Amino acid sequence: GENVEQHPSTLSVQEGDSAVIKCTYSDSASNYFPWYKQELGKGPQLIIDIRSNVGEKKDQRIAVTLNKTAKHFSLHITETQPEDSAVYFCAASLYGQNFVFGPGTRLSVLP
Amino acid sequence: KAGVTQTPRYLIKTRGQQVTLSCSPISGHRSVSWYQQTPGQGLQFLFEYFSETQRNKGNFPGRFSGRQFSNSRSEMNVSTLELGDSALYLCASSLAGGRQETQYFGPGTRLLVL
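Which chain is which? The protein sequence lines are A and B, in order.
Under my numbering, the first residue of the first sequence carries the number 1, and numbering increases by one thereafter.
Under my numbering, the first residue of the second sequence carries the number 1, and numbering increases by one thereafter.
Hints listed in this document are in silico derivations from the structure and should not be mistaken for laboratory results.
Note that this is a predicted model, so its numbers are computed, not measured.
One should not assume that every hint holds.
[To be verified] Straight-line alpha carbon distances no greater than 25 Å define the calculated DMTMM-like cross-link-like pairs of lysine to aspartate or glutamate that follow:
#1 B/57 - A/59
#2 A/22 - A/59
#3 B/57 - A/2
#4 A/57 - B/101
#5 A/71 - B/82
#6 A/68 - B/101
#7 B/57 - A/17
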C-alpha cells in the first residue's frame, strides 16, 4: 500500500527565516496532496493542498511544490512567525484508504 | 458554517469496557472518516462512511466499528478496550469523500484506557 515519509521530524528556525518540510510517497497513482497543521489540543487543520496536475501552489507565506516524477512534495513557509509553531502533516490520497499521512514534523519558531 | 464537532472530548475507560464516540460533520457533508492518532503510529485511517454505508476500511481489528445515520452524523464504537487503544480519535468530514476532496477535521476525542 501507500507509504508517506516526511522529513525532518523536528525543525527549529528563527523568527523571520524560512522553513521547508519534505514528503515522499510510494504510490504513483496518488494525485491529491494536502498539508495539515495541528496545534496542541486541536484537530489537524488544512493549510494548503495541491493536485497532481499542478507543480506549485502559493497562499501568502505558504507554498507547496510537487514533483510527480520523483514522487515528492514540499511545504515552504516564508517569514516564519511564532504562531507557525505546530506539528505539520503531509498526506497523499489513495483510493480505498482515504488519506495516508506522514509521521509529522514538529516546527518550532524561536523569537 | 459550524465545523466538525466531536463528543465527548475526553474519556477514561478501563480495559474490557466498550466506548462509543460521536461525530457531527459540517452541514451538507455526507462523508465521515475516522482516524486514530497515537505518538507511535501517527494518524491511521480507521474507516469511512458515506450515505450510511461503510465505503472504506483501514487495517484495524473488528473491535472497531462504526455507523452513520441519515443526517450524516457518525458514531464509532470500540469493544473490549485494550491499553493500546488509548489515543486521540479524530473524525473528518467532506462533501462526498472523493479522492481529491478536502477533509475537515474535528478536535478529536482523547480516550485513555486504564
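Problem - Violated constraints from the hint list, given by number and in increasing order - result: 1, 5, 7
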